[in-house]
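Visitor: Based on the provided sequences and hints, a complete structural model is requested.
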Amino acid sequence: MESSTTGTSTKGGSGSPIPTPPGHQEVEEVVVRFAGDSGDGMQLTGTEFTKAAALAGNDISTFPDFPAEIRAPAGSIAGVSGFQLHFSSTDIHTPGDAPNVLVAMNPAALKANIDDLVVGGTCIINTGTFTKPNLAKAGYESNPLEEEALQKKYEVHPIDINKMVNAALEETELTSKEKGRCKNFFALGLMCWRYERDVEPQLANIRAKFKKKPHLGEANVLAFKAGFNYGLTAEVFQTTYEVKPAAFEPGLYRNITGNEAIALGIVAAGQLADCPVLFSGYPITPASTIFHYLSNYKNYGVTTFQAEDEIAGAGAAIGASYGGAIGVTASSGPGIALKGEAIGLAAMIEVPLVVLSIQRGGPSTGLPTKTEQSDLYQSLYGRNGECPIPIIAAKTPADAFYCAIEATRIATKYMTPVILLSDGYIANGAEPWKLPQVEDLTPFPVTHLKDANGWMPYKRDEETLARAWVAPGTKGMEHRVGGLEKDFLTGNVSYDADNHQKMCQVREDKVRGVANDYGDMDIEGEESGDVLIVGWGGTHGALRQAAGVLRGQGKNISHVQIRHVWPLNPKLGELMKNFKKVIVCELNMGQLRTIIRSEFLVDVEGYNKMQGKPFTVAEICNAVSELV
Amino acid sequence: MTEKLKRKDFVSDQEVRWCPGCGDYAILAAVQKCLADTGSKPENTVFVSGIGCSSRFPYYVKTYGFHSIHGRAPSIATGLKLTNPDLEVWVITGDGDALSIGGNHLLHALRRNVNLNIILFNNKIYGLTKGQYSPTSNEGTKSPTTPFGSVDYPINPVSFALGSGATFVARAIDVDAKSLGPILAAAKAHKGASLIEVVQNCPIFNDNVWDAVTNRKTATTNQLRLEDGKPLLFDNGNKGIRLTDDLTPEIVEVGEGKVAESELIVHKENGSAAYHALLASMAAPEFPQPLGVIKQVERPSYDELALAQVDQVLKERGKGDLNALLNSGMTWTVGPDGRPEQ
Ligand code: SF4
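From first to last, the protein sequence lines stand for chains A and U.
Position 529 of the first sequence, counted from 1, bears residue number 529 in this note's numbering, the numbering being contiguous throughout.
Take the position in the second sequence, starting the count at 1, then add 1000; the result is the number in this note's numbering.
Keep in mind the hints are simulated off the structure, nothing from the lab.
Just so you know, not all the hints are guaranteed correct.
[Claimed, not checked] With a cut-off of at most 25 Å between alpha-carbon atoms, the simulated PhoX-like pairs for lysine-lysine come out as follows: (1) U:K1188 <-> U:K1008; (2) U:K1008 <-> U:K1041; (3) A:K370 <-> A:K613; (4) U:K1178 <-> U:K1033; (5) A:K450 <-> U:K1062; (6) A:K137 <-> A:K153; (7) A:K209 <-> A:K179; (8) A:K459 <-> U:K1062; (9) U:K1178 <-> U:K1130; (10) A:K450 <-> U:K1041; (11) U:K1178 <-> U:K1041; (12) U:K1315 <-> A:K298; (13) A:K581 <-> A:K609; (14) A:K475 <-> U:K1033; (15) U:K1191 <-> U:K1041; (16) A:K450 <-> U:K1004; (17) U:K1006 <-> U:K1188; (18) U:K1004 <-> A:K475; (19) A:K51 <-> A:K211; (20) A:K475 <-> U:K1006; (21) A:K298 <-> U:K1319; (22) U:K1008 <-> A:K475; (23) A:K413 <-> A:K370; (24) A:K577 <-> A:K555; (25) U:K1178 <-> U:K1268; (26) A:K132 <-> A:K153; (27) U:K1041 <-> A:K475; (28) U:K1178 <-> U:K1191; (29) U:K1178 <-> A:K475; (30) U:K1062 <-> A:K475; (31) A:K51 <-> A:K244; (32) A:K111 <-> A:K459.
Guide: What follows is the structure in structure tokens.
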């Protein structure tokens, strides 16, 4: 099974004219999954290949899938790390249901991913790792490469990448361990050949990436060329593929993950509000990278504070908001649970607080690195007492930028905590984002009241029902706030029965009033028809694409993705009446469905999945088709 | 020139609602007097508290006040100081609030040395919830949750603070205004976190639990008034504390024909960790209880360092341009034909 071809030249490469490949084929879209051991650099390979696709003008959507353990035993199934890229000449919204191409760097990666590969798909396997111990670690009793089953179902390309990379790096002074680290670039080179990518920008990228360790950069360049030239000369691949550029609106684009977008959104929100930001958090998967990014933005009006625990993370953010800054904290399910009491305090003292909740599989520690949408109830109901707060859900990685701004706008305008829901899928997934100009974003400058005339600590704006924001340091407006029930105007402690009723009502009315700012619902498809697909958050891409596929089949299907999850847009009630059936698709057991039912008294159906994975387009198409 | 404020200028319009005879009244009066005496500005002063009898304190002081949630005051105060370091921020807490539910926050506020003045009212009991034993309760304390006596070993707030790396640690008695006042003023003047354990009597649920320390009749023998640079003397100078060969403190008679003063330990606010630990371990009635400033050392405060770092980054990189930040990372331009420009 081993390839006998070793004609890889370490000197050849981009300089020589590329001969016309034996077969050249144009395809609309491809889904590639790179899989290997956590230490194999699959995330880097995937990211680099994504860049190549973006530069070629393809529409792209990516989704990394890494293990919860940082260093699970090498070669084990638990240690397999994957990166899926969907690139297309048409508009796409998901990283793809199933890969057409799988690059498996070791037996465990093959075992963990092969069942996802579409039948007839291409499987490139690094045979150099298919040793007895590695096969045993992956749970293979015999070598799958020697069995017919695999060959029958897929187009298998066994390549001893280890050997080829070693040969390519023979003349370098790298240790064998360092050489081993270069093999992902062989895979990248091979894939770049297969999809007819320009070589030069890739080489420049690699060199830039390893700027600080040029000897490794050059080694990776050699490995990349070895992979590229292997495709070119080995004659084991019959065809290269071209995915034409997708039609994009002109402009400057950036590939962005959800967590990067949220961090940038928080920076932008502070500037639009003309108010300093204090971000205070505690490390937790998958929210931590927001904290990492923001910690670098100290010259953009953001101060960051790593608190001793989740509670203090919320506490310090509240202290900042009380002090006149925008307090922001971020976490995921278990951490949000710990912050619950503090969020209630912010609701009681009525200061702005932005809580970024990056959902993961639950309950308890659950599935830290897997995606889920099961913390909607937690956001809505996870506090003691009657404690309504607005909730926003980001639809896509790029949308998270605008949602962070919107959450901050609502928090400061209505003097309330706001929860922004994202999830592991949005947090780590990436898509092209047409960059906005800061000048085009609507500012919402905040005011800290300094005039005591006619002011009382809990006197409210008639329209928004928000109290005024008075920061300590303001002369003549010294007052006391706290978690005890407040008098309706003075804010002094009040145990009065009627006052409590009145305060509960006004807090409810204030949050309900946030809906006054909403515009029309963003409907894909007709405003009436057979089925309305309702979703929220990160399922946007799959639902939108599925609705499009079904409409293409002549079905009357529309889709709406809810961004303002609480309070809901009253227009949703009207919209749902125009459809024979409504189906709420979510990665939980039916949380939004229950809320919609109780809010609008509409008998909506549910389609739910609890596998730590995003929806596939096919799943949604099947579920919705059953309704018509 | 602004008129000098008096104690009454720091008295709010809210009715004080502690039990009659509660030690909290005296502490409130002493704090209000300290604010006036040391020129605090009401608009620049904030009292942040947690939950418990003592945590009602902010309502009674005519400054800014924030009665927060159980145990979390240090974290809220930290966020506030990072936002506005010019504010004078006091944290009011009790033994349950600071050392049980909020132990973690106190530890980190102290080790970070956030510029806060923390007053820990230690009455060795949960008062607000009606008398359960607390983490500082003496062993064998009978309470609704320990009807047969508590069996757990109490925590010593001074040892806790020293162990957390606090830069200012003091102890005072609630009703002893004469010494409490100067300690409050010293805590306020100290840059960084200052922790004052105030020995506080709860006449309702734990009356006289501090009797060994506070009883006037035994005060001379049971109280050790600390003065920086002075030997550890008590009982009107007749007794002192000396170190034995195995580094434990011992009480000795001082005077002619007895132990010379020069053999006694000299109090140093910036002394060794071992010395401060030794002081913390001494308690009445076995030893005279140390009162006053136990430790004070200089160390930059967290808020100062954190904000200096922001300034430094600003200086090195200049004020960030948001458009440039958005446009960083992996970018490409799509031309008018909808195709990426190379
Ligand atoms: S219960 Fe004790 S501590 Fe609380 S107010 Fe009454 S006397 Fe003071």
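Visitor: Could you run down the list of hints and mark each one as holding or not?
Guide: Hints versus structure:
1. A hinted pair counts as satisfied when its Cα atoms are at most 25 Å apart, and U:K1188 with U:K1008 qualifies at roughly 20 Å.
2. Straight-line distance between C-alpha atoms of U:K1008 and U:K1041 comes to about 13 Å, which keeps the hinted pair within the 25 Å bound.
3. Restraint check for A:K370 and A:K613: the C-alpha separation of about 7 Å stays at or below 25 Å, so the hint holds.
4. Straight-line distance between C-alpha atoms of U:K1178 and U:K1033 comes to about 11 Å, which keeps the hinted pair within the 25 Å bound.
5. Between A:K450 and U:K1062 the CA atoms are separated by roughly 18 Å; this keeps the pair inside 25 Å, and the hint holds.
6. Between A:K137 and A:K153, the direct Cα distance comes to roughly 24 Å. Compliance with the 25 Å bound is thereby established for this hinted pair.
7. Distance check on the hinted pair: A:K209 and A:K179 sit about 17 Å apart at the alpha-carbon level, within 25 Å; holds.
8. Proximity of A:K459 to U:K1062 is assessed by CA-CA distance (about 20 Å); at most 25 Å being required, the pair is judged to hold.
9. The hinted pair formed by U:K1178 and U:K1130 fails the criterion: a straight-line CA distance of about 31 Å is larger than 25 Å.
10. This hinted pair checks out: A:K450 and U:K1041 have alpha carbons roughly 16 Å apart, not beyond 25 Å.
11. Only pairs whose Cα atoms come within 25 Å are accepted, and U:K1178 paired with U:K1041 is accepted, the gap being roughly 23 Å.
12. Only pairs whose Cα atoms come within 25 Å are accepted, and U:K1315 paired with A:K298 is accepted, the gap being roughly 11 Å.
13. At most 25 Å may separate the alpha-carbon atoms for a hinted pair to count; A:K581 and A:K609 meet this at roughly 20 Å.
14. About 20 Å separates the Cα atoms of A:K475 and U:K1033, which keeps this hinted pair within 25 Å; it holds.
15. As the CA atoms of U:K1191 and U:K1041 are separated by approximately 18 Å, the hinted pair is consistent with the 25 Å bound.
16. At roughly 23 Å between alpha-carbon atoms, A:K450 and U:K1004 fall within 25 Å of each other, so this suggested pair holds.
17. Restraint check for U:K1006 and U:K1188: satisfied, since their Cα atoms lie roughly 17 Å apart, inside the 25 Å limit.
18. At most 25 Å may separate the alpha-carbon atoms for a hinted pair to count; U:K1004 and A:K475 meet this at roughly 16 Å.
19. For a cut-off of 25 Å, the pair hint linking A:K51 to A:K211 stands: about 18 Å separates their Cα positions.
20. With a C-alpha separation of about 17 Å, the suggested pairing of A:K475 with U:K1006 holds against the 25 Å cut-off.
21. At roughly 9 Å between alpha-carbon atoms, A:K298 and U:K1319 fall within 25 Å of each other, so this suggested pair holds.
22. Proposed proximity of U:K1008 and A:K475 is supported: the alpha carbons are some 18 Å apart, at most 25 Å.
23. Among the hinted pairs, A:K413 with A:K370 is inconsistent with the structure: their alpha-carbon atoms are about 34 Å apart, more than 25 Å.
24. Taking the CA atoms of A:K577 and A:K555, the gap is near 18 Å; set against the 25 Å cutoff, the hint holds.
25. Annotation: proposed proximity of U:K1178 to U:K1268 holds, straight-line Cα distance about 22 Å (limit 25 Å).
26. About 24 Å separates the Cα atoms of A:K132 and A:K153, which keeps this hinted pair within 25 Å; it holds.
27. Taken as a hint, the U:K1041 and A:K475 pair is honoured in the structure, with Cα atoms around 9 Å apart against an allowance of 25 Å.
28. The suggested pairing of U:K1178 with U:K1191 holds, with an alpha-carbon distance near 23 Å, which does not exceed 25 Å.
29. For the given pair, U:K1178 sits about 31 Å from A:K475 by alpha-carbon distance, which is inconsistent with the 25 Å threshold.
30. Pair hint U:K1062 plus A:K475 holds up; C-alpha atoms about 12 Å apart against a cutoff of 25 Å.
31. Distance restraint check for A:K51 and A:K244: the Cα-Cα separation of roughly 15 Å lies within the 25 Å cut-off, and the hinted pair is therefore satisfied.
32. Proximity of A:K111 to A:K459 is assessed by CA-CA distance (about 64 Å); at most 25 Å being required, the pair is judged violated.
The structure is inconsistent with the numbered hints 9, 23, 29 and 32, although it conforms to all the rest.
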